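Single-letter residue listing:
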Amino acid sequence: MNLPDPSFLVIQSLSGLTYAMFLFLIASGLSLIFGILRVLNFAHGSFYMVGAYLTYQFVSYFINSPAHFWWAVLFAPVSIAIIGGIIERLFLSRLYVREELNQLLFTYALVLILGDFAKIIWGTGQLSIPRPVILKGAVKILDQYFPEYNIFIIFLGLGIALLFWLVLNRTRWGRIIRAAALDREMLGSLGVNVRWLFTLVFSIGAWLAGLGGALVAPIAAIVPGMDVEIIINVFIVVVIGGLGSFWGTLLGALVLGQVISFGILVLPRLAIVFIYVLMAVVLITRPWGLLGKPSPR
Amino acid sequence: MSKQSWLLIIIILLLALLPLSESRFYIFLGTDILIMGLFAMSLNLLLGYTGLVSFGQAAYFGIGAYTCALLMKKASLAFPIAFAAAPVSGAIAALIIGFFCIRLTKIYFSMLTLAFSQIVWAVVFKWNSLTGGDTGLIGINFPEYLDSSARFYYFTLGVVVLSLFIIRKMVDSPFGRILTTIRENPERTEFIGIDVRFFQLLAFMISGFFAAISGALFGIFNHSLFPDLLYWPMSAEVLIMAILGGMYNFFGPLVGAAVILYLRMLVTSYTQYWPLIMGTILALLLFFFPGGILGFLRSLRPSNRGGR
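As they're listed, the protein sequences go chains A and B.
Residues in the first sequence are numbered consecutively from 935, following the working numbering.
Residues in the second sequence are numbered consecutively from 755, following the working numbering.
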């Protein structure tokens, strides 16, 4: 058996890292929403998909501007955040008094509705956008080439993780959000408008999913079905790391990224089985995830 | 006999007369409704009666379907044996998976049922030599004596009526009462000396048993099987059927299956955007009729006791 080439291993782990950053962006939004609102948002994959489609739309709209991609990355996630906020405000907020199952099913209804809206607007064909001009090149690592755009994603992902952590742990707003995760009644009686806070948190979560969709658009096929596919992987990430745990989400994304990246090479047949086994094993042994805390309830 | 039993007998008789319409369309739809109805009823044993939200019911449906079809196709076993093996394998799979799942509660329970059903899906999807993988398992033939749509309809009707009769007897028995007690309050049930996990596991296994029967029927009915049958949206769909009909009514899931399949038949002849319609129905249901169709009808009755 010949040993794999080290440069090949590096490239492979970098691809895994790139995918992990997308997973992290989306999963951190899902985890944030679950941590505060206690709603497991099935539609998070749909926000990601519509984010990618909107990016395509904005790129076509700003096509004459040299920075068309960057305009799209700015506007598409913000649109998703607004859509998310409206959905939370008008519909989801009315279901908080009900059993958890009702909220879960409502977000599943959104998956069906948004999926078909995307088909109606953008068709069932495969769409794509070019990579932004300044990141078109590739970097030589050892003796292999790796796309600049992917390197940009890795740094951006880590940057957003850091920023996210700073906001949550070092600002007043972060303190309020963390307090809402612990005791929303108490927070309300301290004078914080919890209803608006929930809408805001849902919007931020949706924005993160939309950002994931916007950033993936240049390197993935934008097709119907990307919502259903990603949401399961995102569930795996938050389950492995721990629902509601920030560092857990990052760890879960990194683990799943590498498992997918290498698993497909080593054991193409078993890799896909393995990731679900991993999910089941974590749930059985530590239902609250590797870095999560057992729920007091 | 009570008014309800008479109504039931009349409905069964009407269903038995359906093939006389000689409409292939209605016989086909009727068979489909009976099969999916049984599937939804099997889920409701967990959902409505025991209070366990399983998000992986498609696994047992698929296991039943593939067991029956593979035994006929690859092992050349006679249909009755292959068909009888399906619920056994469904129950065994549910026993093993349930053993782990019932240790968790709420969202974690749902997540673990989802994880296991995805494992089963991935195995079926990737095990090309056995299951045909993505291309599916095609050319599953009816046994000769069932080889007409009317005959297969009667066979399905017989199996489903018998299954529902057994499920009804179970939920009306002390066993069924224990399940609803667990649903209402697991902690208190534990306090009065009932082994909650044991009964949850039993319900999980019985649910897998009947899901596998419906799966076996489904495979033969369609002459073909695809891994999509076990993918998670299938579990979501059957959950919606149960909730649409009314999970706190015995026949709710069957009604839900009938409504969804009938609507789908209608809608898909006009537009391909059935998921959009179904999503809208689901959302409306959650906001305006949280008790499902039968829950809503019951609330209209003047003698309504407000019970579940």
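The reader is advised that the hints may include incorrect statements.
[To be verified] Pairwise CB distance ranges (calculated): (1) LYS860(B) to ILE1153(A): 51 to 59 Å; (2) GLN758(B) to LEU1124(A): 32 to 40 Å; (3) GLU1034(A) to ARG857(B): 14 to 22 Å; (4) PRO940(A) to LEU849(B): 21 to 29 Å; (5) GLU1163(A) to ASN895(B): 56 to 64 Å; (6) PHE1042(B) to GLY1122(A): 39 to 47 Å; (7) PHE853(B) to GLU1163(A): 27 to 35 Å; (8) LEU849(B) to ARG1032(A): 56 to 64 Å.
Calculated directly from the structure, the hints in this document are not laboratory data.
Remember, it's a predicted structure, so these values are computed and weren't measured experimentally.
Cβ atoms here follow ideal geometry from the backbone N, Cα and C, with glycine treated the same way.
Against the structure, the hints come out as follows:
1. The beta-carbon spacing between LYS860(B) and ILE1153(A), approximately 37 Å, falls outside the hinted interval of 51 to 59 Å.
2. Range check, GLN758(B) to LEU1124(A): about 54 Å between beta-carbon atoms, so the 32 to 40 Å window is missed.
3. Between GLU1034(A) and ARG857(B) the CB atoms are about 19 Å apart, so this pair conforms to the stated range of 14 to 22 Å.
4. Taking the beta carbon of each, PRO940(A) and LEU849(B) are about 47 Å apart, not inside 21 to 29 Å as hinted.
5. Judged by the Cβ atoms, the range 56 to 64 Å given for GLU1163(A) and ASN895(B) is violated: they are separated by roughly 34 Å.
6. For the pair PHE1042(B) and GLY1122(A), the beta carbons lie near 28 Å from each other, so the given range of 39 to 47 Å is not met.
7. Take PHE853(B) and GLU1163(A): their Cβ atoms lie about 30 Å apart, and the range 27 to 35 Å holds.
8. For the hinted restraint 56 to 64 Å between LEU849(B) and ARG1032(A), the CB-CB distance of approximately 32 Å leaves it violated.
Checked against the numbered hints above, the structure violates hints 1, 2, 4, 5, 6, 8; every other hint is satisfied.
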